[in-house]
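Could you build all of it, start to finish, from the sequences and the hints given here?
Residue numbers (my numbering), protein chains in the order written: chain A, 1 to 59; chain U, 1 to 510.
No lab work stands behind these hints: they were computed from the structure.
You can trust all of the hints, since none of them are fake.
List time: in silico EDC-like cross-link candidates among lysine to aspartate or glutamate, alpha-carbon distance up to 20 Å:
| id | chain 1 | residue 1 | chain 2 | residue 2 |
| --- | --- | --- | --- | --- |
| 1 | A | 4 | U | 113 |
| 2 | U | 179 | A | 27 |
| 3 | A | 4 | U | 163 |
| 4 | U | 22 | U | 415 |
Now the in silico label distances, taken between C-beta atoms and shown as ranges:
| id | chain 1 | residue 1 | chain 2 | residue 2 | range |
| --- | --- | --- | --- | --- | --- |
| 5 | U | 154 | A | 9 | 25 to 31 Å |
| 6 | U | 339 | A | 9 | 53 to 59 Å |
| 7 | A | 4 | U | 338 | 56 to 62 Å |
| 8 | A | 9 | U | 71 | 52 to 58 Å |
| 9 | U | 74 | A | 31 | 42 to 48 Å |
| 10 | U | 325 | A | 9 | 40 to 46 Å |
Please read all numbers here as calculations on a predicted model, not as lab measurements.
Note that the Cβ used here is the ideal one computed from N, Cα and C, for glycine as well.
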Amino acid sequence: MSFKDLLNSGPKVINLGMERFYLDLLEQEVPAVKVNWRPPLAKSSLMDRLRKLRGEEVE
Amino acid sequence: MKKIEVVRGEYYDSVTLMLVAKEIKRINGVVDAVLNMATEANIDIMKAAGFEIKAGFLSPDDLLIGIDYRKDEIDKIFETARSYLASPPWKKKEDDTEYTPGTLEGALAVLRDANLALISLPGRFAAAEAMKALKNGLNVMLYSDNVATEDEIKLKHYADRNDLIVMGPDCGTAVINGKGLGFSNVCPEGPVGIVAASGTGLQEVMVQLSRRGIGVKHGIGTGGRDVKECVGGISFLKGIRELSDDPEISLIIAVGKPPDPEVKERILNSLKKTGKDCVICFMGDDCGKDEDRVHYSAELEECAVVAEAILNGKEVSAARDKLRAEYASLSGWRPIEEVQGKYVRGLFTGGTLCYEAQYIAQSYINPIYSNAPLRKEFKLENSLKPIGHSFIDYGEDEFTQGRLHPMIDPSFRAEQLKEQSEDNSVAVVLFDVVLGYGSAENPSQEVAEAIGAVKREIKPVYVAYVCGTAGDPQDLAKQISLLEDAGVIVCESNARAALLASSLISRRER
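Next up, the structure:
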């Protein structure tokens, strides 16, 4: 959905982070879904370091 | 006694942690409760508060619960904290029945026509999630700060190539089709479109427009760094282009702290090309004289006054003269005969409100020190120890690492207000209260209680501005009367409050 579509049709929101913002959207009757977000496991950064050591590209 | 409990691999957002801490503090025998994710900054804060923490074994995904208690019922208190985290007491029961996806992709399966990701995750994770959202065809509002400049540039270039926008990082406020995102006030919809590189700048302009019966259709936030040369105004310029194409928008307002010169040039050229009436407020930045349909204003209230005059077919210069006359009479007003002390301390939750207040007050008092000064040489060495005339922005990164933004949790600013009020050299305390979605439920109450607790024979003069509309959830009239009952002089705009506070101790006429 382009920026123009967003402005034309109004926000339909996926909320990642503070739940307060999500609840405020519901109060304004904005379609919204919250993500029960958790940080990537600490082991991923260890895996990244191992990949880097092996010379692989890390995103 | 102080005790720490570590909950491994459990992540909670900062508002939840603050609310649980507040609940725990209500338990009899608890002196203090601090809940934080175990980042380095948070560990340092908790150590400074006297909690013993072995940092080597922790990762930022671990939760720290620190409790200072009097009674020997500590295990029960920790148990209560954990149960509140699992099932927050302030939540309605029906909330629990909702399905909550764990990933962005999962959420897209639920809301297939989603068009925006609102991201307020810790800065170190925010850029990756924002890129994921863009790659899934979503526009992004990035509330998070502490996002690297190179990540911002990468995200904005990607968005630009794909007809999307990234509002932020550090974008606190936006309005799309009259719906507020993040910190936003309840305003009528109308013919105005705003692009703003400043959150509270956008809020103040919307509030001042609303008080003059003018509504806003879109308020596009960009984050303050967007108008720096390194980013080049990518989102700002995109916002202007879209507002220009919208036939329902007859007037465009551009707001922010002064952009870098080349970016400013691009923004001015782009506004001139829209062929619509434009009002530009880069806070004190000298853009030149009004030309044709492009008007300049130095202050946020003036910006709304000029916009209202244009939309209602009034003479702009007459509207400006009227405002100047009101400001002049305010600067000569002496509501209190005797003022003790010499200095003004401005204690702000809104960054742009702090900036605008310095810009206005510098005509009356000098120098003004700040943690976010107008000029580098007036940067405070220690923001917790203001000197002379000092204006502090408590929303700056130095205060929000390990703490909530003061508009969400005003308690730290309230503590500082009490401390500053007890300094005998302080004559006037100037402050803001920002209402609207996202902000604290009853912010004036915390300030009023702090003023009530001040131990000083003759208290300083309190001057404030409440940035809010009658439709805001906190009840504007109630918030103003809470302050007035505590002896605060409440002004009608941030500019007026800054003007009154600074002119009170300066006889200099404008």
